[in-house]
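Engineer: The task is simple: from the sequences and hints, build the whole structure.
Number of protein chains: 2
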Amino acid sequence: MRLLIIGGDAAGMSAASRVKRKNPDIDVTVLEKTMDVSYSACGMPYNIADPNRDMEKLVVRKAEVFIEKNRINLLTCHKAQKIDPDKKIVTGVNSNKKMFSFSYDKLLIATGASPMIPDLPGFDRPEVMVLKTLENGKMIKFFIKKKNVKKAVIVGMGYIGLEMCEALTRRLVKIDMVKPGPVFLPWMTSDLADVIKDELRVNNINLYPGHKIKRIDPKKIGISVVCDNLSLDADLVIVASGVKPNSHIAVEADLKTSISGAISVNNTLLTSNKNIYAAGDCADAIHVVTGAKCWIPLALRANRAGWAVADNVCGLETRLKGVVGTAVFKVFSLEVARTGLSVKEALEAGFDPAEIFIKTRSRAHGQPGSQTIHVSMTGDKKTGKLLGVQMVGKEGVAHRINASAVALHAGMTVEAFSQTDLSYAPPFGPVWDPLLTAANQLMKKL
Amino acid sequence: MRLLIIGGDAAGMSAASRVKRKNPDIDVTVLEKTMDVSYSACGMPYNIADPNRDMEKLVVRKAEVFIEKNRINLLTCHKAQKIDPDKKIVTGVNSNKKMFSFSYDKLLIATGASPMIPDLPGFDRPEVMVLKTLENGKMIKFFIKKKNVKKAVIVGMGYIGLEMCEALTRRLVKIDMVKPGPVFLPWMTSDLADVIKDELRVNNINLYPGHKIKRIDPKKIGISVVCDNLSLDADLVIVASGVKPNSHIAVEADLKTSISGAISVNNTLLTSNKNIYAAGDCADAIHVVTGAKCWIPLALRANRAGWAVADNVCGLETRLKGVVGTAVFKVFSLEVARTGLSVKEALEAGFDPAEIFIKTRSRAHGQPGSQTIHVSMTGDKKTGKLLGVQMVGKEGVAHRINASAVALHAGMTVEAFSQTDLSYAPPFGPVWDPLLTAANQLMKKL
Chain A
180 MRLLIIGGDA
190 AGMSAASRVK
200 RKNPDIDVTV
210 LEKTMDVSYS
220 ACGMPYNIAD
230 PNRDMEKLVV
240 RKAEVFIEKN
250 RINLLTCHKA
260 QKIDPDKKIV
270 TGVNSNKKMF
280 SFSYDKLLIA
290 TGASPMIPDL
300 PGFDRPEVMV
310 LKTLENGKMI
320 KFFIKKKNVK
330 KAVIVGMGYI
340 GLEMCEALTR
350 RLVKIDMVKP
360 GPVFLPWMTS
370 DLADVIKDEL
380 RVNNINLYPG
390 HKIKRIDPKK
400 IGISVVCDNL
410 SLDADLVIVA
420 SGVKPNSHIA
430 VEADLKTSIS
440 GAISVNNTLL
450 TSNKNIYAAG
460 DCADAIHVVT
470 GAKCWIPLAL
480 RANRAGWAVA
490 DNVCGLETRL
500 KGVVGTAVFK
510 VFSLEVARTG
520 LSVKEALEAG
530 FDPAEIFIKT
540 RSRAHGQPGS
550 QTIHVSMTGD
560 KKTGKLLGVQ
570 MVGKEGVAHR
580 INASAVALHA
590 GMTVEAFSQT
600 DLSYAPPFGP
610 VWDPLLTAAN
620 QLMKKL
Chain B
180 MRLLIIGGDA
190 AGMSAASRVK
200 RKNPDIDVTV
210 LEKTMDVSYS
220 ACGMPYNIAD
230 PNRDMEKLVV
240 RKAEVFIEKN
250 RINLLTCHKA
260 QKIDPDKKIV
270 TGVNSNKKMF
280 SFSYDKLLIA
290 TGASPMIPDL
300 PGFDRPEVMV
310 LKTLENGKMI
320 KFFIKKKNVK
330 KAVIVGMGYI
340 GLEMCEALTR
350 RLVKIDMVKP
360 GPVFLPWMTS
370 DLADVIKDEL
380 RVNNINLYPG
390 HKIKRIDPKK
400 IGISVVCDNL
410 SLDADLVIVA
420 SGVKPNSHIA
430 VEADLKTSIS
440 GAISVNNTLL
450 TSNKNIYAAG
460 DCADAIHVVT
470 GAKCWIPLAL
480 RANRAGWAVA
490 DNVCGLETRL
500 KGVVGTAVFK
510 VFSLEVARTG
520 LSVKEALEAG
530 FDPAEIFIKT
540 RSRAHGQPGS
550 QTIHVSMTGD
560 KKTGKLLGVQ
570 MVGKEGVAHR
580 INASAVALHA
590 GMTVEAFSQT
600 DLSYAPPFGP
610 VWDPLLTAAN
620 QLMKKL
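Going line by line, the protein sequences match chains A and B.
Read in order, the letters of the first sequence correspond to residues 180 to 625 in our numbering.
Read in order, the letters of the second sequence correspond to residues 180 to 625 in our numbering.
Hints in this document: simulated from the structure, not taken from any laboratory.
Fair warning: there could be bad hints in the mix.
A pair counts as met if it fits within one copy or between any two copies, since identical chains are not told apart.
Stated by the list, open to error - Straight-line C-alpha distance at most 30 Å; calculated BS3-like pairs for lysine-lysine:
#, residue 1, residue 2
1, Lys538, Lys330
2, Lys624, Lys248
3, Lys500, Lys560
4, Lys325, Lys453
5, Lys523, Lys573
6, Lys561, Lys500
7, Lys277, Lys623
8, Lys561, Lys376
9, Lys509, Lys538
10, Lys376, Lys317
11, Lys573, Lys236
12, Lys472, Lys423
13, Lys623, Lys248
14, Lys509, Lys573
15, Lys561, Lys201
16, Lys624, Lys523
17, Lys398, Lys435
18, Lys277, Lys509
19, Lys353, Lys201
20, Lys509, Lys472
21, Lys472, Lys398
22, Lys538, Lys472
23, Lys623, Lys326
24, Lys573, Lys330
25, Lys538, Lys573
26, Lys500, Lys276
Structural biologist: In structure tokens form, the structure reads like this:
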């Protein structure tokens, strides 16, 4: 059997390696448009933060290893351009401008997502960068050093923009963040978003939400991001205003797409064509809480979906259950985490949400080093079910969120969750875990 | 209505305060044998560690506050001795040797647990102490300073003994640990127990398991714990060899007891007498995984049970679901956590357990500061269900365990747990959370 994979990142390489482990007889070819496979993309901001750390350290496994050890026909600098689902052929072009063509029995589209770049004058300037591929990361790092960057503008206020704040601050770069939308973190309950805003303020990050961006102008030295009533000078602009699924090649092949244009897949990761799978940031998923399709492009799902495709290709039927949208990121000394639905998302999904917000402590009474933990929890008044949790704090957030994520998977009520037996020891939390205190409070509103 | 409560610790005071909040008309009397109520008993080792921290800092709420603000008739130094369930009267003696007698409509027994002290010569010496009450804690702290303690023997190798290792080491006290049983931590899988043993060795703690203790002898300076083939000199001996439920008063009143002699309660915390509740360390609980009665005396359950009694006394019927035995403690730089059943416990409960042990990392590839995380996970071959998890590591253990605790409450299979959407960001873990990696491995054995 010939398995062809478009895209050699998390989903694509997970699938390729696992297929070869499970059934070495399957012929596996991977077409990767960049030079790099198998690196920790999420680790790039933390690497950029440290001028002495080589970015190659983020490479988990080199292409040669996949080729020689795993016997995968891995072709970097090969950009797939077209799928012919009837002839079962993928054509494209490599970096030497040579056309190529591969036939397949089974195809996996793992083309990932791309940064959204405003279609405005000046966004094509060399000082304007995105952080998606390892090449992007290397470029930013090189540029900071070479040009002695002192001032950056980050366009967008999402995870990556916020992670880059810490990275650039460590490089002594002053930062302005700007975006057209008026609300700083629209998916986050405002009490928690305010905590993050305070942390950014303490770290001298200037926030300019609600400013329509018009263009980027060159200046005598550096550039300037020109907005309504505002111009922000910079040596470097990082565009981090979201991503979109790379589903163009699937659309052209008449495959079904869904929310946000992601490729629609069933729980075996099959697309609307029975010989074509899709996995990773280009594909959709079921949201366990709503039961509806969602597009939440994150690394764990990409790896898990890659494995599931491999198992299905090898005849070991595997069905994925779906996601609950758990995410965590770091903003300077803050851990920020979420799982499930925000109140707005819950309303949109037809729930009747009630929300509470509490402040509690990260350690027991009388323990030094205790920090404030902020928790927002949302439940459904109709069914009593837990719908979502958001947390912000300087410690004890990143892993704590997982207890509520599992509760969402289990479809627990807030009452059932409030009765769970969570860990307690003075250095790690209060007797009543912050999540339990939140659940106890929320029950009164349901 | 008159509610009488025997015991003014976690369960008793939680119940008393909540009853007064929900229904101020209920007359609440608490009989506490010591002088102290409402303090963080679990915080004592951490307080002892720091000579400059006042132990009164562990008091969450003073007795006067309960009396004046909450209008609770709180009587410290009042030791209840006898319950007459027919006349509904409790009699006892106070610290002035005066007899007292109180009638009740509803009674809560919240007498807690007591340290088990070997009935051997010398264990009544003043240098031999336990750590249970605040008075015990103060005494140990005072003794360390006054007697300039340089050498201690800890009898027992449980949570409290291990926590005291760090506390005493910080006070520059050299430590030997000794116990009769041959296995260091019998409930823990040996691969993980070995990690803890190494941590103790690095911190110069000497372990002597498998030594039958014969007596404690006085020496010219200090004392000596005399065992088979071993004598351990010390200025101070801490006895931390487990606790037993204070159920004597309940037994005398013909109330039913169960496992380990704990007072048997139903899911509303009622004992075998319809006017008498029991809660906290003196009472039993249902283990969610086995469905059987268990006795796992821990702080969260005590507080939760106290609240549930209060609600039931106030006519707001509340049923508790049970525990899964989640516990966490700190051994020097290690976080040690468990939830659910060990393999041995699973076998005893009639399961057909399979177990895996993995080593993984606390942070993503290429992140500095990453530590080893050791995970053991047990599942049932017959049903595929998750049965228990144990973890040891220098970071990312204490809260991570809770995801598996919730999965146990939900009765999840290992396969369902392996599909949960847990958080990922490079500073906080690998893409596949250690629990997911463990679940993926365990599935191969089920």
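Engineer: A separate judgement is required for each hint: does it hold in the structure or not?
Structural biologist: Hints, one by one, checked against the model:
no. : hint            : verdict
1   : Lys538 x Lys330 : neither (35 Å within a copy, 42 Å between copies)
2   : Lys624 x Lys248 : between (58 Å within a copy, 26 Å between copies)
3   : Lys500 x Lys560 : both (25 Å within a copy, 22 Å between copies)
4   : Lys325 x Lys453 : neither (50 Å within a copy, 80 Å between copies)
5   : Lys523 x Lys573 : within (26 Å within a copy, 38 Å between copies)
6   : Lys561 x Lys500 : both (24 Å within a copy, 22 Å between copies)
7   : Lys277 x Lys623 : neither (66 Å within a copy, 44 Å between copies)
8   : Lys561 x Lys376 : neither (34 Å within a copy, 51 Å between copies)
9   : Lys509 x Lys538 : both (19 Å within a copy, 25 Å between copies)
10  : Lys376 x Lys317 : within (29 Å within a copy, 43 Å between copies)
11  : Lys573 x Lys236 : both (27 Å within a copy, 23 Å between copies)
12  : Lys472 x Lys423 : within (16 Å within a copy, 53 Å between copies)
13  : Lys623 x Lys248 : between (58 Å within a copy, 24 Å between copies)
14  : Lys509 x Lys573 : both (9 Å within a copy, 20 Å between copies)
15  : Lys561 x Lys201 : between (46 Å within a copy, 25 Å between copies)
16  : Lys624 x Lys523 : within (17 Å within a copy, 43 Å between copies)
17  : Lys398 x Lys435 : neither (46 Å within a copy, 85 Å between copies)
18  : Lys277 x Lys509 : neither (43 Å within a copy, 61 Å between copies)
19  : Lys353 x Lys201 : neither (50 Å within a copy, 54 Å between copies)
20  : Lys509 x Lys472 : within (28 Å within a copy, 42 Å between copies)
21  : Lys472 x Lys398 : neither (46 Å within a copy, 75 Å between copies)
22  : Lys538 x Lys472 : neither (33 Å within a copy, 35 Å between copies)
23  : Lys623 x Lys326 : neither (57 Å within a copy, 53 Å between copies)
24  : Lys573 x Lys330 : within (27 Å within a copy, 37 Å between copies)
25  : Lys538 x Lys573 : both (13 Å within a copy, 27 Å between copies)
26  : Lys500 x Lys276 : neither (41 Å within a copy, 66 Å between copies)
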